[in-house]
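*Asks:* This is what each chain is made of:
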Amino acid sequence: MAVRAAKELRDGDVVFVGIGLPNLACNLARATHAPNLVLIYESGAVGAVPDRLPVSIGDPALVTGSLSVASMADIFMLYLQGGRIQVGFLGGAQVDRYGNINSTVIGKYDAPKVRLPGSGGACEIAVHAERVIVAAALSARSFPAEVDFITSPGHAGKHGTRKELHQPGGGPMRIVTDVGILAPSPQDGELELVGIYPKVEVEDVKAKVGWPLRVRATLEQIPPPTDDELHLLRDVLDPDKLYL
Amino acid sequence: MAVRAAKELRDGDVVFVGIGLPNLACNLARATHAPNLVLIYESGAVGAVPDRLPVSIGDPALVTGSLSVASMADIFMLYLQGGRIQVGFLGGAQVDRYGNINSTVIGKYDAPKVRLPGSGGACEIAVHAERVIVAAALSARSFPAEVDFITSPGHAGKHGTRKELHQPGGGPMRIVTDVGILAPSPQDGELELVGIYPKVEVEDVKAKVGWPLRVRATLEQIPPPTDDELHLLRDVLDPDKLYL
Amino acid sequence: MTAAGIGSGGPAGARAPVSSAKLMSMSDAVSRYVHDGDVVVIEGFTHLICFAAAHEIIRQRRRDLTLCRLTPDLIYDQMIAAGCAKKLIFSWAGNPGVGSLFALRRAVEKGIPHKLEIEEYSHYGLMARFAAGAAKLPFWPLRNYRGSDLPDVNRQIRTVICPYTGEELATVPAINPDVAIIHAQRADAGGDAQIWGLYGVQKEAAFAAKRVILVVEEIVSEAIIRADPNRTLIPGIIVDAVVHEPWGAHPSYAQGYYDRDNDFYVAWENISKEEAGLQAWLDEFVFGVADRNEYLLKLGPAVRERLNAEDQVCEGVNYGF
Amino acid sequence: MTAAGIGSGGPAGARAPVSSAKLMSMSDAVSRYVHDGDVVVIEGFTHLICFAAAHEIIRQRRRDLTLCRLTPDLIYDQMIAAGCAKKLIFSWAGNPGVGSLFALRRAVEKGIPHKLEIEEYSHYGLMARFAAGAAKLPFWPLRNYRGSDLPDVNRQIRTVICPYTGEELATVPAINPDVAIIHAQRADAGGDAQIWGLYGVQKEAAFAAKRVILVVEEIVSEAIIRADPNRTLIPGIIVDAVVHEPWGAHPSYAQGYYDRDNDFYVAWENISKEEAGLQAWLDEFVFGVADRNEYLLKLGPAVRERLNAEDQVCEGVNYGF
Numbered sequence: 001m002a003v004r005a006a007k008e009l010r011d012g013d014v015v016f017v018g019i020g021l022p023n024l025a026c027n028l029a030r031a032t033h034a035p036n037l038v039l040i041y042e043s044g045a046v047g048a049v050p051d052r053l054p055v056s057i058g059d060p061a062l063v064t065g066s067l068s069v070a071s072m073a074d075i076f077m078l079y080l081q082g083g084r085i086q087v088g089f090l091g092g093a094q095v096d097r098y099g100n101i102n103s104t105v106i107g108k109y110d111a112p113k114v115r116l117p118g119s120g121g122a123c124e125i126a127v128h129a130e131r132v133i134v135a136a137a138l139s140a141r142s143f144p145a146e147v148d149f150i151t152s153p154g155h156a157g158k159h160g161t162r163k164e165l166h167q168p169g170g171g172p173m174r175i176v177t178d179v180g181i182l183a184p185s186p187q188d189g190e191l192e193l194v195g196i197y198p199k200v201e202v203e204d205v206k207a208k209v210g211w212p213l214r215v216r217a218t219l220e221q222i223p224p225p226t227d228d229e230l231h232l233l234r235d236v237l238d239p240d241k242l243y244l
Numbered sequence: 001m002a003v004r005a006a007k008e009l010r011d012g013d014v015v016f017v018g019i020g021l022p023n024l025a026c027n028l029a030r031a032t033h034a035p036n037l038v039l040i041y042e043s044g045a046v047g048a049v050p051d052r053l054p055v056s057i058g059d060p061a062l063v064t065g066s067l068s069v070a071s072m073a074d075i076f077m078l079y080l081q082g083g084r085i086q087v088g089f090l091g092g093a094q095v096d097r098y099g100n101i102n103s104t105v106i107g108k109y110d111a112p113k114v115r116l117p118g119s120g121g122a123c124e125i126a127v128h129a130e131r132v133i134v135a136a137a138l139s140a141r142s143f144p145a146e147v148d149f150i151t152s153p154g155h156a157g158k159h160g161t162r163k164e165l166h167q168p169g170g171g172p173m174r175i176v177t178d179v180g181i182l183a184p185s186p187q188d189g190e191l192e193l194v195g196i197y198p199k200v201e202v203e204d205v206k207a208k209v210g211w212p213l214r215v216r217a218t219l220e221q222i223p224p225p226t227d228d229e230l231h232l233l234r235d236v237l238d239p240d241k242l243y244l
Numbered sequence: 001m002t003a004a005g006i007g008s009g010g011p012a013g014a015r016a017p018v019s020s021a022k023l024m025s026m027s028d029a030v031s032r033y034v035h036d037g038d039v040v041v042i043e044g045f046t047h048l049i050c051f052a053a054a055h056e057i058i059r060q061r062r063r064d065l066t067l068c069r070l071t072p073d074l075i076y077d078q079m080i081a082a083g084c085a086k087k088l089i090f091s092w093a094g095n096p097g098v099g100s101l102f103a104l105r106r107a108v109e110k111g112i113p114h115k116l117e118i119e120e121y122s123h124y125g126l127m128a129r130f131a132a133g134a135a136k137l138p139f140w141p142l143r144n145y146r147g148s149d150l151p152d153v154n155r156q157i158r159t160v161i162c163p164y165t166g167e168e169l170a171t172v173p174a175i176n177p178d179v180a181i182i183h184a185q186r187a188d189a190g191g192d193a194q195i196w197g198l199y200g201v202q203k204e205a206a207f208a209a210k211r212v213i214l215v216v217e218e219i220v221s222e223a224i225i226r227a228d229p230n231r232t233l234i235p236g237i238i239v240d241a242v243v244h245e246p247w248g249a250h251p252s253y254a255q256g257y258y259d260r261d262n263d264f265y266v267a268w269e270n271i272s273k274e275e276a277g278l279q280a281w282l283d284e285f286v287f288g289v290a291d292r293n294e295y296l297l298k299l300g301p302a303v304r305e306r307l308n309a310e311d312q313v314c315e316g317v318n319y320g321f
Numbered sequence: 001m002t003a004a005g006i007g008s009g010g011p012a013g014a015r016a017p018v019s020s021a022k023l024m025s026m027s028d029a030v031s032r033y034v035h036d037g038d039v040v041v042i043e044g045f046t047h048l049i050c051f052a053a054a055h056e057i058i059r060q061r062r063r064d065l066t067l068c069r070l071t072p073d074l075i076y077d078q079m080i081a082a083g084c085a086k087k088l089i090f091s092w093a094g095n096p097g098v099g100s101l102f103a104l105r106r107a108v109e110k111g112i113p114h115k116l117e118i119e120e121y122s123h124y125g126l127m128a129r130f131a132a133g134a135a136k137l138p139f140w141p142l143r144n145y146r147g148s149d150l151p152d153v154n155r156q157i158r159t160v161i162c163p164y165t166g167e168e169l170a171t172v173p174a175i176n177p178d179v180a181i182i183h184a185q186r187a188d189a190g191g192d193a194q195i196w197g198l199y200g201v202q203k204e205a206a207f208a209a210k211r212v213i214l215v216v217e218e219i220v221s222e223a224i225i226r227a228d229p230n231r232t233l234i235p236g237i238i239v240d241a242v243v244h245e246p247w248g249a250h251p252s253y254a255q256g257y258y259d260r261d262n263d264f265y266v267a268w269e270n271i272s273k274e275e276a277g278l279q280a281w282l283d284e285f286v287f288g289v290a291d292r293n294e295y296l297l298k299l300g301p302a303v304r305e306r307l308n309a310e311d312q313v314c315e316g317v318n319y320g321f
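For the protein sequence lines, the chains are B, E, W and R, in the order given. Residues in the first sequence are numbered consecutively from 1, following our numbering. Residues in the second sequence are numbered consecutively from 1, following our numbering. Residues in the third sequence are numbered consecutively from 1, following our numbering. Residues in the fourth sequence are numbered consecutively from 1, following our numbering.
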């Protein structure tokens, strides 16, 4: 997943990074095809080059050696709302048919089955980033037809489509999972299968999604990670196995 | 005027300072009865202790050795609108019966007799400072019953009273002139004579004002500057006679 | 024309007192400036979170507080477990990089130790509440929340129509906490505080508050502050109390002083999972010590040795003219 | 449900090009990024006013510009006299500490060299227009202008009703200039710029603009910038061109580099009082030189000697952890 997510990043992209897999993917991209990636963390570090794997979004290693430290007011108003972010990474407990993401609550808001951490910066990333990449393991529980709570808006939903809502950003353009890649249909924004990992069957993917999954005509065959990529991830970027 | 204006400042006041006479008055007050005066300049210098008489509101001498440098956004939003300023100094080409100040235009706005510099920060100082001190030489031309243009609101006028307008600040509380001091009447905000310099007659003051000037029952007799004060002003604070 | 309302509505604007009068112990600062029922903000985004103040508030058994913070973090988890909180205003409630906040979840889900009311935003929304409070504006407009369910569960998120474009924008209301507790690297005795590394929303929280308790790693001379005024984030004129409390942000961190104690953040998962364990921890590390100094002694020198910052000092710049 | 508008409305967000590609001469930067009819902002409140860029714009005979700045200062007086400006958006139009701006007054009062449209705010109002533009909000609310005649002569100053308190607040519309020219003390080749001393509205103007030309006293290595990231005000990702132009802010100043040339500000009163005198000055000091370097040679070493900054270097801080 980290390897495939890294490939979604283009050299020179300005990326709003989260901790964990997004951070790994960004650093892998920086070490391979995208040396000019600019990493921005919601905590305020701009152009960070952490010399250790950050343990939190506000790790001091993100600050030391960065290009700039911005207040959170500037991060949200000038960078994110200001339209300066090309890529935002999001995760979530649930992702639905239209790419809406739930990181707030499983069950009812007032009577939760599981209370999750909440939005943090996720809602505004989903609204403003030019394109959003979602990384999450695929399962029918995590990919229902409709999320219990829309924390971060996708391509359509009960409040309307992105176009109707005049969303400045593009929304979730790639959902990178452990078995394949989903992307919104250009017609109606419904997530469809666009790429598949080696040795994975389309029917297996369909079984892990809570709606009748459409499959794009030309399905990308995702190559396995190269030895170099695995070496970078396992021995250089996350030697302490914090995330792998 | 500088000596008398200095006396309007209380130790510990946070003062929004302008260049010229206000700057002199503040530094005289700091050197005498108000050592804890905090000087803030609209350019962004907070707690400035200039080691030369600043030649502009953005003089580098205001920055070097100051307590803090704030962006102008912070100066206007957090300090001034935030209610952190006790005293604002204003001047102007015209001051009227209710303390409205004109620093925009003499004559009509669209067909000016004299085009003045405009508001700068004056309008917001008049709205927000806890109390405003105005320093200006008295003359019938400069003190008409009604100003040609209200740049900075006083106690009442065609738009309403301060109370009606819910102005957060107190408005012009002292008008320090070269012959006496005016202050708003507690009843209706009309400026009246409350203090007079030595060897000045009340009738002379009345002749220099464009409305029938009321005189407060207990008129302050302003003492002449002491030798110490004059020495401080002439030899220490403005040795190059830039403003005196 | 009738009453002109002279002098009406002038801001309360406290006089700046003589500097050294603000220096006091944490115990005095909390007893003087934090009251039952207050809206309290202890900010710091991962960086500069003032646990020392939270522990003193717990020891002084403050009650019915409305706690406000973007990330409740361990600090509010502890205060909630200790029964200080009536309500929580937040935007991301987790143990950052680790997992859940169990005391918070027990209070919300089961009412232990008592029911906790919550009011929830996104980071941008809560940041904007502080920004509005700091600027003494009643609301702040933002382009956000369209398509999200957040406004459905928080009626404080409203809308306003732009008078130029006709566009509908989201709004959040200003918040003006009764007291903000701000941790900084250093300040002079008058409270002019310098912060580097992550700023979080420290400036906005401080300016929004009615009272400010400033807690610092070091008290330095005014000359040090005045030598680099662009580094000053919080001016002394808005500060009521200055508390010198080295290591006061542990287990969070202070750039240039000590690293984040990630081991403790990880350990908190087990400490806090059951109520009894958490109470035992409070008994030992909060109620069992008189002040921060005793806490540090109890923590032991090995922890400080492990977390002590290495030197990586930048060059200065020229303020000459 | 019909079209979902996938990918619609994504921000233009230019890719960050490889760093050194942004380094160019002032002549190239102006010819590439400043066009006839543009809304142009050259900011800097007393400090860091980029006269070098203004002179190049005059030399390249740009026309019909809408010039925007809190204080037009000598820089826009010169551009107006040279016939570059169609409109001026401002908040205080004087020669600071000296007197009038005569070219501006001739244009407004007599239409010399041609009629100049003006749009006038207070400092707070115009600052807020930049802030709104930088945040890509269509307007900015402020508590101001009540009781003033300014809204009567500028219909862009409007009002909005607070959705919480019902209070009426003033508003100003966002401004998003076509190009902002920002002077800074130093930057790396990618345009990550550090400023100390007065900030003015440089950050807001830069983020509000569609294109940014950054002009600096010094190009430094990325390592210098990264050693003190809290000092960085403008990130390279929003910068299109980086111009190395020492003394480019003369007769204004650059803290730590050179003092304000107050003698020139005083002399401008006489130079500009009559149109012929001003044109003669432009002929000699703008049209008569090819670039900034020739301007400095013409100015002579004595002026630079007089204005050169003394050393007053602050201590660095520790970024270690």
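Don't take every hint at face value.
[Claimed, not checked] Heads up, simulated DSS-like pairs for lysine-lysine below, C-alpha to C-alpha not over 25 Å straight-line:
(1) E:113 with R:110
(2) W:110 with B:113
(3) B:113 with B:241
(4) W:210 with B:108
(5) W:110 with W:210
(6) R:273 with R:87
(7) R:210 with E:113
(8) E:108 with R:110
(9) E:108 with R:210
(10) R:115 with E:108
(11) R:110 with B:163
(12) W:115 with W:298
(13) B:158 with B:113
(14) B:158 with B:208
(15) W:273 with B:113
(16) W:115 with B:158
(17) R:115 with E:208
(18) B:7 with B:241
(19) W:273 with B:108
(20) R:86 with R:110
(21) E:7 with E:206
(22) B:113 with W:210
(23) W:115 with W:86
(24) R:273 with E:108
Bear in mind the hints are in silico, worked out from the structure with no lab data behind them.
*Asks:* Hints first: check each against the structure and report whether it holds.
*Replies:* Here's how the hints hold up against the structure:
For the hint linking residue 113 of chain E to residue 110 of chain R, the alpha-carbon distance of about 12 Å falls within 25 Å, and the restraint holds. Pair hint residue 110 of chain W plus residue 113 of chain B holds up; C-alpha atoms about 12 Å apart against a cutoff of 25 Å. Between residue 113 of chain B and residue 241 of chain B the CA atoms are separated by roughly 31 Å; this puts the pair beyond 25 Å, and the hint is violated. Annotation: proposed proximity of residue 210 of chain W to residue 108 of chain B is violated, straight-line Cα distance about 37 Å (limit 25 Å).
For the given pair, residue 110 of chain W sits about 33 Å from residue 210 of chain W by alpha-carbon distance, which is inconsistent with the 25 Å threshold. As the CA atoms of residue 273 of chain R and residue 87 of chain R are separated by approximately 21 Å, the hinted pair is consistent with the 25 Å bound. Taken as a hint, the residue 210 of chain R and residue 113 of chain E pair is broken in the structure, with Cα atoms around 38 Å apart against an allowance of 25 Å. For a cut-off of 25 Å, the pair hint linking residue 108 of chain E to residue 110 of chain R stands: about 15 Å separates their Cα positions.
For the proposed pair residue 108 of chain E and residue 210 of chain R, the alpha carbon gap of about 37 Å is over 25 Å, so the pair is violated. Only pairs whose Cα atoms come within 25 Å are accepted, and residue 115 of chain R paired with residue 108 of chain E is accepted, the gap being roughly 18 Å. This hinted pair does not check out: residue 110 of chain R and residue 163 of chain B have alpha carbons roughly 50 Å apart, beyond 25 Å. A distance of roughly 32 Å separates the Cα atoms of residue 115 of chain W and residue 298 of chain W; the hinted pair therefore is violated under the 25 Å criterion.
Restraint check for residue 158 of chain B and residue 113 of chain B: satisfied, since their Cα atoms lie roughly 22 Å apart, inside the 25 Å limit. Between residue 158 of chain B and residue 208 of chain B the alpha-carbon distance is near 24 Å, which keeps this suggested pair within the 25 Å criterion. Between residue 273 of chain W and residue 113 of chain B the alpha-carbon distance is near 17 Å, which keeps this suggested pair within the 25 Å criterion. In summary, the hint linking residue 115 of chain W to residue 158 of chain B is not supported, as the alpha carbons are separated by about 32 Å, beyond the 25 Å threshold.
Taking the CA atoms of residue 115 of chain R and residue 208 of chain E, the gap is near 38 Å; set against the 25 Å cutoff, the hint is violated. Pair hint residue 7 of chain B plus residue 241 of chain B holds up; C-alpha atoms about 21 Å apart against a cutoff of 25 Å. Restraint check for residue 273 of chain W and residue 108 of chain B: satisfied, since their Cα atoms lie roughly 23 Å apart, inside the 25 Å limit. A C-alpha spacing of about 14 Å is found between residue 86 of chain R and residue 110 of chain R, which places the hinted pair at or below 25 Å, so the restraint holds.
Under the criterion of a C-alpha separation no larger than 25 Å, the hint pairing residue 7 of chain E with residue 206 of chain E is consistent with the structure, at around 24 Å. For the proposed pair residue 113 of chain B and residue 210 of chain W, the alpha carbon gap of about 38 Å is over 25 Å, so the pair is violated. At roughly 7 Å between alpha-carbon atoms, residue 115 of chain W and residue 86 of chain W fall within 25 Å of each other, so this suggested pair holds. Simply put, residue 273 of chain R and residue 108 of chain E have alpha-carbon atoms about 23 Å apart, close enough for the 25 Å limit, and the pair holds.
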